[in-house]
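Visitor: Here's the letter readout for the chains.
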Amino acid sequence: MAARAPAIVLWLLLLALCGVQIANSRFVADLSSFLPAAPTEQQRLLVDQLRDGAISRVMLVGISGGDAGARADTSRALAARLRQDPRFASVANGAPGDFGRERDIVLAQRYVLSPNVTPQRFEVEGLRAAIAETLDLLASPAGLVLKSLVARDPTGETLAVAEALRRAENPNAVEGVWATPDGSEAVLVMRTRAAGSDTEAQAAAWAALEATYRELAAGKALTLVVTGPGVFSAKARAMIEHDVQRLALVSLAIVVTVLLLVYRSALAIALGLLPVLSGGIVGIAAVSLGFGVVHGITLGFGTTLIGEAVDYSIYLFVQSEHAGDENWVKRFWPTIRLGVLTSIAGFSALVFSGLPGLAQLGVYSITGLVVAAAVTRFVLPQLLPAGFRVRDVSGLGRVLVRVAATAARARWIVPALAAAAIVVLATHRATLWEPQISALNPIVDSDRQADVRLRASLGASDARHMIAVHGATVEESLAAAEKVTATLDGLVGAGRLAGYESPSRYLPSQATQQARRESLPGAAVLRERLRQALAGSPLRAERLEPFITDVEAARSSPPLTRESLAGTAFEQAIEGMLFRDPQGRWTAMIGLRPDAGSRIDLPAVAGAIAAAGVGSAVLIDLKAEIDNLYSGYFERALAMSAAGLGVIVLLLAGALRSPARVLRVMAPLVAGVLVVAAWHALAGTRLSLLHLIALLLVIAIGSNYALFFDRAATVQDHNAARTLASLALANFTTVASFGALSLSSIPVLHAIGSTVAVGAFITLAFAAMLSGAGIQFAHGHNQNAHDPPDGR
Amino acid sequence: MKRLLLLAAFAAAQAPAADWNIPTLFAELARARPERAAFVEKKYISILDRPVESSGELAFTPPDRMEKVTLKPKPERVTVDRETVTLERNGKRQSLRLRENPAVAVLVESVRGTLAGDLAALSRTYSIALAGDRAAWRITLRPLDPSLGTLVERVEVAGAQARVGIVEIFQADGDRSVMALSPLAR
Chain A
35 MAARAPAIVL
45 WLLLLALCGV
55 QIANSRFVAD
65 LSSFLPAAPT
75 EQQRLLVDQL
85 RDGAISRVML
95 VGISGGDAGA
105 RADTSRALAA
115 RLRQDPRFAS
125 VANGAPGDFG
135 RERDIVLAQR
145 YVLSPNVTPQ
155 RFEVEGLRAA
165 IAETLDLLAS
175 PAGLVLKSLV
185 ARDPTGETLA
195 VAEALRRAEN
205 PNAVEGVWAT
215 PDGSEAVLVM
225 RTRAAGSDTE
235 AQAAAWAALE
245 ATYRELAAGK
255 ALTLVVTGPG
265 VFSAKARAMI
275 EHDVQRLALV
285 SLAIVVTVLL
295 LVYRSALAIA
305 LGLLPVLSGG
315 IVGIAAVSLG
325 FGVVHGITLG
335 FGTTLIGEAV
345 DYSIYLFVQS
355 EHAGDENWVK
365 RFWPTIRLGV
375 LTSIAGFSAL
385 VFSGLPGLAQ
395 LGVYSITGLV
405 VAAAVTRFVL
415 PQLLPAGFRV
425 RDVSGLGRVL
435 VRVAATAARA
445 RWIVPALAAA
455 AIVVLATHRA
465 TLWEPQISAL
475 NPIVDSDRQA
485 DVRLRASLGA
495 SDARHMIAVH
505 GATVEESLAA
515 AEKVTATLDG
525 LVGAGRLAGY
535 ESPSRYLPSQ
545 ATQQARRESL
555 PGAAVLRERL
565 RQALAGSPLR
575 AERLEPFITD
585 VEAARSSPPL
595 TRESLAGTAF
605 EQAIEGMLFR
615 DPQGRWTAMI
625 GLRPDAGSRI
635 DLPAVAGAIA
645 AAGVGSAVLI
655 DLKAEIDNLY
665 SGYFERALAM
675 SAAGLGVIVL
685 LLAGALRSPA
695 RVLRVMAPLV
705 AGVLVVAAWH
715 ALAGTRLSLL
725 HLIALLLVIA
735 IGSNYALFFD
745 RAATVQDHNA
755 ARTLASLALA
765 NFTTVASFGA
775 LSLSSIPVLH
785 AIGSTVAVGA
795 FITLAFAAML
805 SGAGIQFAHG
815 HNQNAHDPPD
825 GR
Chain B
18 MKRLLLLAAF
28 AAAQAPAADW
38 NIPTLFAELA
48 RARPERAAFV
58 EKKYISILDR
68 PVESSGELAF
78 TPPDRMEKVT
88 LKPKPERVTV
98 DRETVTLERN
108 GKRQSLRLRE
118 NPAVAVLVES
128 VRGTLAGDLA
138 ALSRTYSIAL
148 AGDRAAWRIT
158 LRPLDPSLGT
168 LVERVEVAGA
178 QARVGIVEIF
188 QADGDRSVMA
198 LSPLAR
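The listed protein sequences correspond, in order, to chains A and B. Position 333 (the first sequence) corresponds to 367 in the numbering used here; numbering is contiguous. Position 165 (the second sequence) corresponds to 182 in the numbering used here; numbering is contiguous.
Everything labelled a hint here was simulated from the structure, so no lab data went into it. All residues carry an ideal CB built from backbone N, CA and C; glycine is no exception. Treat each hint with caution, since some may be false.
Unchecked claim - Short, incomplete list of chain B residues facing chain A, as computed with Cβ under 10 Å: (1) D66; (2) T78; (3) D81; (4) R82; (5) K91; (6) V95; (7) D98; (8) R106; (9) R114; (10) S164.
Said to hold, decoys possible - Computed cross-link-like contacts, SDA-like style, restricted to lysine to any residue with a CA-CA straight-line distance of at most 20 Å: (11) K89/B - T103/B; (12) K91/B - S571/A; (13) K181/A - F187/B; (14) K181/A - A76/B; (15) K91/B - R596/A; (16) K91/B - D170/A; (17) K109/B - V179/A; (18) K59/B - I183/B; (19) K59/B - S571/A.
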């Protein structure tokens with residue numbers, strides 16, 4: 035009784051502090067937490083791009099159904115409305131918009147923007163050739179718009195700039211707006227102001243889009259589909275929220291129902307859930323402290339804690355002789371403590387997986403288990419009212435003992451199944467592992483296909499291959515980009531690359547701007563050269579005074595800067611291609627465009643980069659890079675799982691001090707893991723990083739059961755039936771809560787849930803069969819407990 | 018070619034016969050088969066001392082497909098298919114929709130509508146006047162929409178029987194283009 039107050043006071047204080055921490059926690063749901071914390075600089079750039087870059091801000095909209103006119107009208111109306119919405123930085127649907135400012139910039143800055151401006155072009159010969167080209171164009175229908183510009187721009191620089199900035203491949207258009215190639219769906223592209231990782235803002239933008247659409251399309255038989263990273267994040271978050279609530283409720287309901295059936299006491303259930311709730315609260319607080327934010331998936335994973343942590347109170351209630359039974363602590367605590375330690379070893383693999391999201395799950399679970407066990411050991415016994423007793427479950431136990439004894443006679447099944455599992459795994463080894471990180475993505479296939487379809491119909495740069503160059507300043511990075519694009523131009527000319535998009539097209543480096551300005555001759559010189567160049571031409575030099583005036587002005591015009599593009603479509607275009615990374619360096623991204631339907635000639639591009647001699651230039655294959663990143667983490671998870679397994683074996687060896695006993699504990703666990711893995715293989719499920727970790731959890735959780743059987747095999751337990759009943763009950767709650775997790779539509783949760791639920795059951799069954807404990811349990815009921823030194 | 022021009026000019030001076038009018042002319046044009054013609058186009062632009070000239074082939078496939086392939090001075094292809102105008106030049110393609118580009122539409126429709134004999138469509142966009150007789154006629158199209166009148170003042174199409182011979186476009190700024198067509202064997 036003397037120790038009673040401090041333990042309870044300490045416990046309540048801890049809960050209060052954790053409550054405060056949780057109240058101040060930030061909860062997030064974006065899936066980038068499950069992107070690896072990239073170790074290399076290149077990968078960090080990549081992850082940053084996916085999280086905050088231009089790619090992450092794109093929203094694609096498809097409108098199908100109805101007739102083409104209705105789709106086009108809705109597309110126009112939607113674009114017009116959303117352009118007024120501050121949440122969207124740009125809305126494009128292919129209809130000609132008002133690009134007055136952009137046109138003015140192109141016209142005014144044509145001599146620094148045009149890639150054709152060189153000193154030669156303004157010599158007599160160059161002028162003659164350029165003007166002849168323009169006159170040819172005047173003969174064409176395309177010349178109609180050009181006519182009014184000839185006097186100011188006879189060398190056609192405005193057109194050259196417009197050509198360079200124009201989308202290479204115009205998307206298909208139906209009724210004047212972009213559409214899929216078959217014309218059945220109108221397509222819009224929007225860019226949000228908020229970064230893709232800002233799920234809150236993405237969800238708000240998406241909701242605004244949907245609401246506006248509903249208003250505009252009311253009464254029309256049209257269907258809207260919206261895709262893009264931000265939308266997917268928002269959807270994933272909604273799924274997570276929905277699943278977390280549902281799973282927690284399902285799991286809790288199952289556990290409470292079972293305990294109610296067994297205990298027949300509301301008080302017992304309330305007390306039994308105390309360790310679980312304490313563990314959950316402290317676990318969340320620990321994650322919040324350690325990571326700054328708590329991920330929704332972590333909360334979802336919390337349901338598994340209900341199943342695992344409730345075990346401790348089950349052991350206490352069912353195995354205790356009477357309230358305040360000091361013997362329980364003496365007899366069972368060392369076994370439970372060892373089980374907690376092996377579980378910690380298992381969950382540690384999550385902590386060190388390198389994926390922040392999984393590390394959260396690990397920290398949460400470890401903290402939760404330790405707290406739940408400690409509360410069961412130190413707090414709960416003192417809270418039990420005098421004479422507290424759950425219903426005697428010895429009857430159930432005796433039934434189980436008979437079942438176990440019968441099953442033990444068929445113990446050969448365990449090695450037979452294990453051997454069969456090895457054969458299955460060996461024959462499926464080629465398709466055993468999941469190499470794609472997308473397996474972790476909760477986005478449903480139909481959404482993914484819609485995204486691919488809309489992207490394809492825009493024919494934009496494939497957003498897969500890009501070249502990144504760095505510089506300490508904007509100027510340095512732009513200059514580096516220009517060096518690279520100069521060699522890329524060679525590839526484009528040779529037909530080995532369809533094109534590229536570079537920020538230097540919108541904003542040439544100051545050096546290039548200066549060089550172009552210096553290419554321009556003075557008024558008197560230009561006038562004389564024009565006179566020579568235009569001898570015999572239908573265009574007389576005297577008519578080109580506006581040209582001479584413009585060139586003179588361009589020679590002394592102030593430089594074009596990021597600031598001078600503010601508020602234009604050009605600024606938005608640059609924003610995604612030229613940005614400052616967290617280290618303060620400037621990065622320019624050059625997007626590569628393959629020919630329609632073909633792949634980028636990567637060796638040729640790599641050669642061009644090498645020829646450019648830009649040290650910082652890196653060719654990034656977004657998809658390959660992500661897969662590499664993932665496979666790196668897969669290997670790491672494999673190593674971590676192996677290490678976790680090693681720690682578990684060492685813990686057992688240290689506690690049990692007998693190789694034979696370690697073997698006896700490990701045998702059902704290893705057999706169980708093999709069978710579960712084989713079951714996945716047969717079901718056609720490829721094992722991902724998460725399955726791997728889940729298998730380790732099977733070992734960690736299964737070891738709790740195996741340890742009890744090991745204890746029963748070495749100790750004469752005078753109430754073995756009751757112990758077996760408590761194990762069955764504990765196992766049932768674990769299977770139920772992980773089973774609930776397997777109902778989740780989120781791959782992360784489903785993989786862990788299904789693997790652990792099946793694995794936990796199989797390991798218990800195997801442990802019972804292998805231990806031959808049936809006999810031990812059956813004959814031990816009239817002798818006193820006599821403990822061997824298991825775990826000090 | 019010259020003879021055709023002369024004929025047309027001569028015919029224009031005459032009042033159309035009573036039993037021959039705009040609807041009968043267009044009905045005849047509408048019965049025409051797919052056609053291919055060589056064209057020579059001259060553009061008179063105020064800033065230039067001489068017209069710029071281009072030539073090539075023009076093909077029309079009823080009811081609404083027209084293809085203009087320029088061979089000189091630079092190869093180029095303009096295809097008009099229903100609502101879409103596609104321009105191919107220097108290996109690049111560019112498409113636009115007539116509905117969004119009324120200035121282009123007013124030019125395209127005058128030629129295509131006449132070739133197709135689609136009086137209903139033409140009357141929606143232009144006021145139509147006819148001069149001459151069946152052997153040498155000239156129709157004058159003026160955009161009904163005054164905002165288009167600031168670009169194209171009028172389009173004159175001259176021909177004989179069911180065949181279009183000359184398309185002349187008068188722009189509001191005084192520039193004009195003359196396209197002469199001569200049938201090619203199919």
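Visitor: Go through the hint on R114/B and say holds or violated, using the shortest Cβ distance to chain A against 10 Å.
Guide: holds, 4 Å
Visitor: CA of K91/B to CA of S571/A, is that 20 Å or under?
Guide: Distance of about 17 Å is within 20 Å: holds.
Visitor: Min Cβ distance, R82/B to chain A: is it shorter than 10 Å?
Guide: Where the cut-off is 10 Å and the nearest Cβ of chain A is about 16 Å from R82/B, the hint is violated.
Visitor: Please work out if K181/A and F187/B have their alpha carbons no farther apart than 20 Å.
Guide: holds, 14 Å
Visitor: How about D66/B: closest beta carbon in chain A under 10 Å, or not?
Guide: holds, 5 Å
Visitor: Given the hint that K109/B pairs with V179/A, test it: the Cα-Cα distance must not exceed 20 Å.
Guide: holds, 18 Å
Visitor: Hint check: K181/A vs A76/B, CA-CA at most 20 Å. Holds or violated?
Guide: violated, 26 Å
Visitor: Could you grab the alpha-carbon distance between K59/B and S571/A and see if it respects the 20 Å cut-off?
Guide: holds, 16 Å
Visitor: Holds or violated: K89/B with T103/B, Cα cutoff 20 Å?
Guide: holds, 19 Å
Visitor: Can you confirm whether the C-alpha distance between K91/B and D170/A stays at or below 20 Å?
Guide: holds, 7 Å
Visitor: Interface hint check: S164/B, Cβ to nearest Cβ on chain A, cutoff 10 Å. Holds or violated?
Guide: This hint is violated: S164/B lies away from chain A, its Cβ roughly 16 Å from the closest one there, beyond 10 Å.
Visitor: Taking the closest Cβ pair, is D81/B under 10 Å from chain A?
Guide: violated, 16 Å
Of the numbered hints listed earlier, those contradicted by the structure are 2, 3, 4, 7, 10, 14, 15.
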